[in-house]
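Here's the letter readout for the chains.
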Amino acid sequence: MAEDPRSTDVVQGTLDMLILKSLSLQPMHGFGITQRIEQISKGVFRVNPGSLMLAFQRLERGGFIDAEWRATENNRRAKYYSLTKSGRSQLAQETREWERRSAAIARLLEA
Amino acid sequence: MSLHRQLTRGLRALFRKETASRELDDEVRHYLDMATQQHMRTGMSRADAERAARVEFGSVEAAKEEVRESGWESSLDMLGRDVRYALRGLRRNPAFTAVVVATLALGIGATTAMFSVVNAVMLRPLPYRDASRLVLIRTDDIRRGLHDEGTAFRTIDDWRRQSRSFEDVAFYRTERTTLGSTDTRERSRRAYVSANFLGFLGAAPILGRGITAADEEARAPVAVISHSLWQRRFAADSHVVGKTLLLEEGGKDGPTPVTVVGVMDPRFYFPDKQTELWTPATIYWRWQRESIERAPEWARRWTAIGRLRPGVSVDAARDELGVIGRRLEAEYPSNLPDFSGYVASVVPVLDHVAGKRLQLALLLLLGAVGLVLLVACANVASLSLARGAARHQEFAIRRALGADRWRLVRQLLIESFVLSGVGGAVGVMFATLGTRLLGAVAAARLPRLDEIGTDARVLAFAAALSILAGLLFGVFPAVRMSGANATESLKEATMAGSGVAVRRARGLLVLGECCLAVMVLAGAGLLLRSLQRLHAVDPGFDPSHVLAMRIEFPREAPETAEERTQVSRIAPARARGREQTLNDLVARISAMPGVTSAGFTDDMFIGGEPHASITIPGREAASMGTGQLNESPVTPGFFGAMRVPLRSGRYLTREDAFTKVRALWSSPVATHLSLAEKERTAVHEPVVVNEAFVRRFFPGEDPLGKTFCVDPTNKTYWYQIVGVVGDMHRQGLDRQVIPEYFGSLLPSPSARADLMVRTNADPLTIAGTVRQLVTSAMPGSLIPSVGTADRQLGDQSAERAFQTVLLTLFAGLALSLAAVGIYGVVHYAVAERTREIGVRIALGASAADVVALVVRQGLRLPFIGVMLGLSAALAGTRVMSHLLFGVNASDPITYAGVVLVLGVVSFGACLVPARRAARVDPVMALRRE
Chain A
1 MAEDPRSTDV VQGTLDMLIL KSLSLQPMHG FGITQRIEQI SKGVFRVNPG SLMLAFQRLE
61 RGGFIDAEWR ATENNRRAKY YSLTKSGRSQ LAQETREWER RSAAIARLLE A
Chain B
1001 MSLHRQLTRG LRALFRKETA SRELDDEVRH YLDMATQQHM RTGMSRADAE RAARVEFGSV
1061 EAAKEEVRES GWESSLDMLG RDVRYALRGL RRNPAFTAVV VATLALGIGA TTAMFSVVNA
1121 VMLRPLPYRD ASRLVLIRTD DIRRGLHDEG TAFRTIDDWR RQSRSFEDVA FYRTERTTLG
1181 STDTRERSRR AYVSANFLGF LGAAPILGRG ITAADEEARA PVAVISHSLW QRRFAADSHV
1241 VGKTLLLEEG GKDGPTPVTV VGVMDPRFYF PDKQTELWTP ATIYWRWQRE SIERAPEWAR
1301 RWTAIGRLRP GVSVDAARDE LGVIGRRLEA EYPSNLPDFS GYVASVVPVL DHVAGKRLQL
1361 ALLLLLGAVG LVLLVACANV ASLSLARGAA RHQEFAIRRA LGADRWRLVR QLLIESFVLS
1421 GVGGAVGVMF ATLGTRLLGA VAAARLPRLD EIGTDARVLA FAAALSILAG LLFGVFPAVR
1481 MSGANATESL KEATMAGSGV AVRRARGLLV LGECCLAVMV LAGAGLLLRS LQRLHAVDPG
1541 FDPSHVLAMR IEFPREAPET AEERTQVSRI APARARGREQ TLNDLVARIS AMPGVTSAGF
1601 TDDMFIGGEP HASITIPGRE AASMGTGQLN ESPVTPGFFG AMRVPLRSGR YLTREDAFTK
1661 VRALWSSPVA THLSLAEKER TAVHEPVVVN EAFVRRFFPG EDPLGKTFCV DPTNKTYWYQ
1721 IVGVVGDMHR QGLDRQVIPE YFGSLLPSPS ARADLMVRTN ADPLTIAGTV RQLVTSAMPG
1781 SLIPSVGTAD RQLGDQSAER AFQTVLLTLF AGLALSLAAV GIYGVVHYAV AERTREIGVR
1841 IALGASAADV VALVVRQGLR LPFIGVMLGL SAALAGTRVM SHLLFGVNAS DPITYAGVVL
1901 VLGVVSFGAC LVPARRAARV DPVMALRRE
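First to last, the sequence lines map onto chains A and B. Residues in the first sequence are numbered consecutively from 1, following my numbering. Residues in the second sequence are numbered consecutively from 1001, following my numbering.
A hint or two may mislead.
Restricting the straight-line Cα-Cα distance to at most 30 Å, the calculated cross-link-like pairs of lysine-lysine (DSS-like) are [what the hints assert, rightly or not]:
#1 K1715/B to K1678/B
#2 K79/A to K1064/B
#3 K1017/B to K79/A
Using C-beta positions, here's what the derived DEER-type ranges look like [unchecked claim]:
#4 T95/A to L1123/B: 52 to 60 Å
#5 Q1006/B to E68/A: 18 to 26 Å
#6 R1016/B to V44/A: 38 to 46 Å
#7 E68/A to L1123/B: 53 to 61 Å
#8 L1123/B to A104/A: 52 to 60 Å
#9 K85/A to Q1006/B: 24 to 32 Å
If you want the ones that stay clear, here's a sample from chain B, every Cβ over 12 Å from chain A, calculated [unchecked claim]:
#10 A1013
#11 L1032
#12 M1034
#13 A1062
#14 S1070
#15 R1164
#16 R1173
#17 R1176
#18 R1232
#19 I1292
#20 P1348
#21 I1397
#22 W1406
#23 I1570
#24 G1876
#25 V1905
No lab work stands behind these hints: they were computed from the structure. Yeah, the Cβ is synthetic: ideal placement off N, Cα and C, and Gly gets one too.
Construct the entire structure; sequences and hints are all you get.
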């Protein structure tokens, strides 16, 4: 996709949350998640693939997402991730926390 | 956080590296494919799309590496690789590895072995519940200076009821007993215990039950027996409960049966390993009489044991008992001369089993062996530095290529830990073997040593030591080598072991080693001198070639009713008869070929703390002084047999024995008479006293003819001094001689006595014959033990000998290690200066000159080390002064000896490389680069 010179890397802590959110609708593979995040943020955020891979390992080992290999055309395979139950509650928790913080920042900026 | 997943995924990545790698590859490739496709959808060519995708992704390898490293298993993997690398390096240098492992094995092994001893004696809890809170409560007789005495039941009961420092208080006493009858008789030891006893100790029988309050109340003749007794006399019969065991008891005619109600666990023992059965206190044959008294000595034979309440200290308990004691003193005073008062002593049971002195000595030994370990580590550090200098370039290159310094340090430390781990493992093997040997040899002489073994605590200690050792000798070389300034080292064509800093470091290490070695040597030297001084003490008798046989006189048929009415006629006749038997026996033994003389005494090597009390007419009781006093009956030939010198007067004779019989059975004197009047009419038993007795009671006077008595208010019994003999050290050569008075030995039934037979050859060869003579002269007598006086005298200093041998061993170890260290440093110094030595030789230096040069240089640092060590030792050996005998901690002969020994050894260590230096070919040396 076109590179917006103003787009910034997603911060690590929020990357986890964004991955979980993307997976909350349907299982996806890594590139799909990148696409979704970059599209919906309208190019504001850019996903670093290395960080993405790291986050996948972290989340998978933490039990928040499951991984599954599916075959693709040309005899390759792709790793699809899906949200687990504890991932779902983790997402809810992180969302709440994020909303709490951004509300506080908004108040501070207004004051 | 899913622990299960973390573990499984990590392990999978660790052991299936290719699979994990392939998965990551596939995932990345798919990602790039998708990105490429997307780029192509915007119209790029395939090649351009692929390139764009790759650029956007960034470094694929870096990303994969990051993912790999973020798992916990990667650090484990790295550790594994470092260990394998270290092992490879060590395998390539077998000489270095062997020396280092051997050195560490010796150091760690010796320290672990010593710790095993400390563990067995001091750290391992006694086999009772909450053993750390158990204390023995006994009486301290302040007035007479006697400690840890027995107490009357009444007093113990008062302590239990009035004191709040204890959860519970139990009491016991032990005595010798004989099991079985006629053919199956054997010696054993029994304990009378209060009902709560086994529960109190937290011990449960493996069969049957313990002693209950009901047993105590009913005075039931029941017994709980030990595992060993059960196996020996009941062949481990599982139906033993309810069976009877015959016991001989004082005051009863013939053996009485007790019913076995329980059997104990094989590891249980109380209060010592010889006690094999436990019976209720109330069946003690004098219980009813004794349990109502407080003051008389014969009622004060019980020992109390209490469990402190949590949070109560020993001192607090002692203070509280002091308050109670004063209250009792006011309520129940007594003017009996041997009344001990109500002051209590409270001592933790562990300190009773393994005395404070022994515990301190063991800790000192542990400290000493720790010093040896430091010397070993110094040696290994020195070797590591030498080897490290050879790898100088390797590390410089790695640093230059960008290696992380911490990584290098970690790798070097892992090498150290591998070495110390292997050394530690080998050391533990040595230690286990050594301690097993020690347990077999020394177990009988030292408390709890038979329980020695390598348990979890010892292994943990050895592991900690290995880690510590690895750190000690690894840190400095690791930091030094990894910090190598890259370019400088690459420029230098350096030799192994060289570099000023390395040389200086190794020199300091040698200095330290010599200092430590001096300290350990000083300690060993002082102990050796103490042992020497101890053996120089004249025991007061000649123990060589003397057979020592402990005999128990046979029981006699009980008096008939008729005999009891004629006691004043029958008893003396019997006593004379027994004396005759004994005299004939001694005569027959003395007539044996190979025997010089023989004699009896009641207890040759006095166990316990005897405290007879006497009254001297015309003297105040208070002026009698405090301390021990022993009454020791002997047969006339005893002093001659033991070669005890006569100082004045005469030895005892058979006539004296007859006088004693008269004195014992003379008509009782009216108690209302004054002491002087009593003396006038009494028959005096002739006694011989020793010089200590004279020093205490008749200083500056001639004691011959003087008299004294016992029990002055009641059945006053009189003695008269007829001779003075030399002092005998019967309680150990390092203890003060106690005052003794010797009367004639009249054997009484079931009493114990020691038969001493002087021979002119090995005394044990006649033991069999003597035994036969004894049993034929006195049928039914028992012979519990046979030995030689020499050996028994030696046994008294067994603890001291043990400490001395150990410390000397440690000193030898330290000395050898220091010697090796000195040798290593001088050897490398010579190698470095080969060229210079070549020049000197070429310019005309003789072999002697070269040797002198090398030796002088080589001894410089050890000399400083020795001086430092001497000052440290002079300060430090003060802590062991209570272990010494006959020397004080700054004994100049010892220190001179230490300096001499270390000097000679250092000189030798320098000499070997020095002589090799003298043989250097100057042409070869000068040609070397």
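* Asked: Quick check: which numbered hints come out false for this structure?
  -> 9, 10, 11, 12, 13, 14
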